Amino acid sequence: MKSIEILLQGEGIPDIQLVKLEDGKCVRDILVLADQQRKGQPVAGEFLVFAEDEEEPLDPDSSAPEAKPGEPLRLHVHRCRKIETLVTFNGETKEHHFSPSTTVEAVKRWAAIKVFHMTPADAAEHVLQIAGTTTRPDPDTHIGSLVSGTHCKIGFNLVPHKRVEG
Amino acid sequence: MSDGVITPDEQVLRLHLESGRFRSGTAAGRWRLVSLDWPFLIVTVTARDGVEYGFRFECRDYPRTAVTSQPWDVELNAPLQPNKWPGGQSRVLLAFNPGWKNGSCLYLPCDRHAIEGHDNWRTEHPSLLWDPDKGICKYLVIIYELLNSKDYGGRRVP
Numbered sequence: 001m002k003s004i005e006i007l008l009q010g011e012g013i014p015d016i017q018l019v020k021l022e023d024g025k026c027v028r029d030i031l032v033l034a035d036q037q038r039k040g041q042p043v044a045g046e047f048l049v050f051a052e053d054e055e056e057p058l059d060p061d062s063s064a065p066e067a068k069p070g071e072p073l074r075l076h077v078h079r080c081r082k083i084e085t086l087v088t089f090n091g092e093t094k095e096h097h098f099s100p101s102t103t104v105e106a107v108k109r110w111a112a113i114k115v116f117h118m119t120p121a122d123a124a125e126h127v128l129q130i131a132g133t134t135t136r137p138d139p140d141t142h143i144g145s146l147v148s149g150t151h152c153k154i155g156f157n158l159v160p161h162k163r164v165e166g
Numbered sequence: 167m168s169d170g171v172i173t174p175d176e177q178v179l180r181l182h183l184e185s186g187r188f189r190s191g192t193a194a195g196r197w198r199l200v201s202l203d204w205p206f207l208i209v210t211v212t213a214r215d216g217v218e219y220g221f222r223f224e225c226r227d228y229p230r231t232a233v234t235s236q237p238w239d240v241e242l243n244a245p246l247q248p249n250k251w252p253g254g255q256s257r258v259l260l261a262f263n264p265g266w267k268n269g270s271c272l273y274l275p276c277d278r279h280a281i282e283g284h285d286n287w288r289t290e291h292p293s294l295l296w297d298p299d300k301g302i303c304k305y306l307v308i309i310y311e312l313l314n315s316k317d318y319g320g321r322r323v324p
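Note that the protein sequences, when read in sequence, are chains A and B. So in the numbering used here, the last one in the first sequence is 166, and the numbering has no gaps at all. So in the numbering used here, the last one in the second sequence is 324, and the numbering has no gaps at all.
If you're looking for bench data, these hints aren't it; they were derived computationally from the structure. On a predicted model such as this, the values are computed, not experimentally measured, just so you know. Be aware that a few hints might be false.
Said to hold, decoys possible - Capping the alpha-carbon separation at 16 angstroms, the derived lysine to aspartate or glutamate pairs in EDC-like fashion look like this:
id: 1; chain 1: A; residue 1: 162; chain 2: B; residue 2: 290
id: 2; chain 1: B; residue 1: 316; chain 2: A; residue 2: 53
id: 3; chain 1: A; residue 1: 108; chain 2: A; residue 2: 53
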């Protein structure tokens with residue numbers, strides 16, 4: 001049976017998991033795959049499936065979305081419908097509600113270019129760092145992977161890349 | 167290894183190369199696996215001008231010990247000539263420095279050889295340190311970021 005490759009992220013799912021879904025399956029079957037990948041204690045609540053960087057969840061009874069030829073699907077499973085996201089730069093904090101499948105790169109572009117008016121080139125010299133930590137999630141990390149379903153909120157600092165010397 | 171036995175360090179590297187994180191980078195066109203001839207791994211990383219730079223990683227004791235990497239000419243299967251290394255004004259020039267240890271490694275905190283004698287990097291650049299859990303993908307993300315930065319200016323001599 002033919003199958004599609006899925007790069008799956010989500011609440012309680014470590015890193016990015018490569019999973020396969022048989023052709024003809026529906027969105028609800030992706031929830032089962034996510035259950036198998038989730039670590040830690042079982043959690044209650046309704047999980048939703050999002051395509052990467054899409055605002056609204058997929059209908060659980062609809063067919064699984066089709067991937068572009070040769071490319072995997074990029075999906076996210078989370079209990080939060082939106083993540084309250086705060087980005088601080090030069091002492092100024094801006095807020096937006098993103099879907100959990102939004103990549104760290106997309107949040108950075110929003111903050112650096114749209115909100116803080118950097119050029120794309122200057123934006124590339126900056127990175128998002130989780131507030132209160134030294135953690136800088138990879139650009140293709142979905143922000144939902146960084147928060148739990150009971151706390152749909154995250155804060156970042158937008159910081160410049162530093163030269164490595166001496 | 168010539169006896170056909172896959173050692174635990176090679177086994178972990180192979181698992182990381184089959185991981186979702188590595189696949190994500192490949193699917194996005196950020197990097198491409200060229201070969202694995204243990205303990206040497208060759209991967210190309212795409213710069214913002216479309217140039218694919220080859221890197222040869224030496225991966226003994228992976229992932230407990232950080233890998234070390236040098237720019238590699240994939241066609242010649244040899245170290246990349248210094249004039250073909252990535253160029254830039256600041257961060258890129260420092261990281262890709264053919265004069266550093268004769269071009270045998272990159273000047274980055276995630277590199278096994280470069281971190282030696284640079285304990286200050288552990289506090290100054292915690293996000294650029296080697297991470298055994300992310301392994302080779304961590305190093306590749308750092309290279310990709312540099313090659314797609316504003317500072318990157320193409321090959322040293324185009």
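Original post:
Is the hinted pair residue 108 of chain A and residue 53 of chain A satisfied, with a Cα-Cα distance of at most 16 angstroms?
Top reply: 13 angstroms, holds
Original post:
Do the alpha carbons of residue 316 of chain B and residue 53 of chain A lie within 16 angstroms of each other, as the hint requires?
Top reply: 25 angstroms, violated
Original post:
Does the alpha-carbon distance linking residue 162 of chain A and residue 290 of chain B stay inside the 16 angstroms limit?
Top reply: 9 angstroms, holds
Of the numbered hints listed earlier, the single one contradicted by the structure is hint 2.
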